[in-house]
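> Per the working numbering, the sequence shown runs over residues 1206 to 1342.
Hint data in this document are derived by calculation from the structure and do not stem from the laboratory. Treat the hints loosely; a few may be bogus.
Per label pair, the in silico range of CB-to-CB distance [as the list claims (entries may be wrong)]:
| # | residue 1 | residue 2 | range |
| --- | --- | --- | --- |
| 1 | SER1305 | HIS1284 | 13 to 23 angstroms |
| 2 | SER1252 | HIS1284 | 21 to 31 angstroms |
| 3 | GLU1206 | ARG1312 | 36 to 46 angstroms |
No experiment lies behind these values; they were computed from the predicted model shown. For every residue, glycine included, the Cβ atom is placed at its ideal position computed from N, Cα and C.
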Amino acid sequence: EISRRALSQHWQALPPEEQAEFVTLFRDLLERSYMAQIEACGGEQISFVGESIEGDFATVRSKVVTRRGTEIPLDYRLHVHDGRWRIYDVVVGWISFVASYRTQFDRVIRLESYNALRERLQKKTLDAAAVERRPES
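Please model the entire structure based on the sequences and the hints provided.
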């Protein structure tokens, strides 16, 4: 769902096999990029603030409290799909994860092509994988 929303109107233009490839590329990039950042963070606390449900959509509100005591809103936006709640966006400090990527992806596709975007994602995924394998000094 995150992949579809991040590509926005460009999603429908892709054949199913390219949609599946994009989902895999984007997921791999996110896992490699963001999991490393999350693992590097220590001492932060995440606390549940509340939730709201409107039909097939829900928002789970939480906050991150940094080691310095700064509170950062962290919201998860969910949608029911096939009877299961699925995250379709994460909003950190009022910045939508999906909207941010949507803007970047749209710019690359409009100015260059979908293939250029795919190649960039492949390169970033390979770069992130290389960083993971690099021995610590």
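> Does each hint hold? Answer for all of them.
To see whether the hints hold, each was checked on the structure:
no.	hint	verdict
1	SER1305 / HIS1284: 13 to 23 angstroms	holds, 19 angstroms
2	SER1252 / HIS1284: 21 to 31 angstroms	holds, 24 angstroms
3	GLU1206 / ARG1312: 36 to 46 angstroms	violated, 22 angstroms
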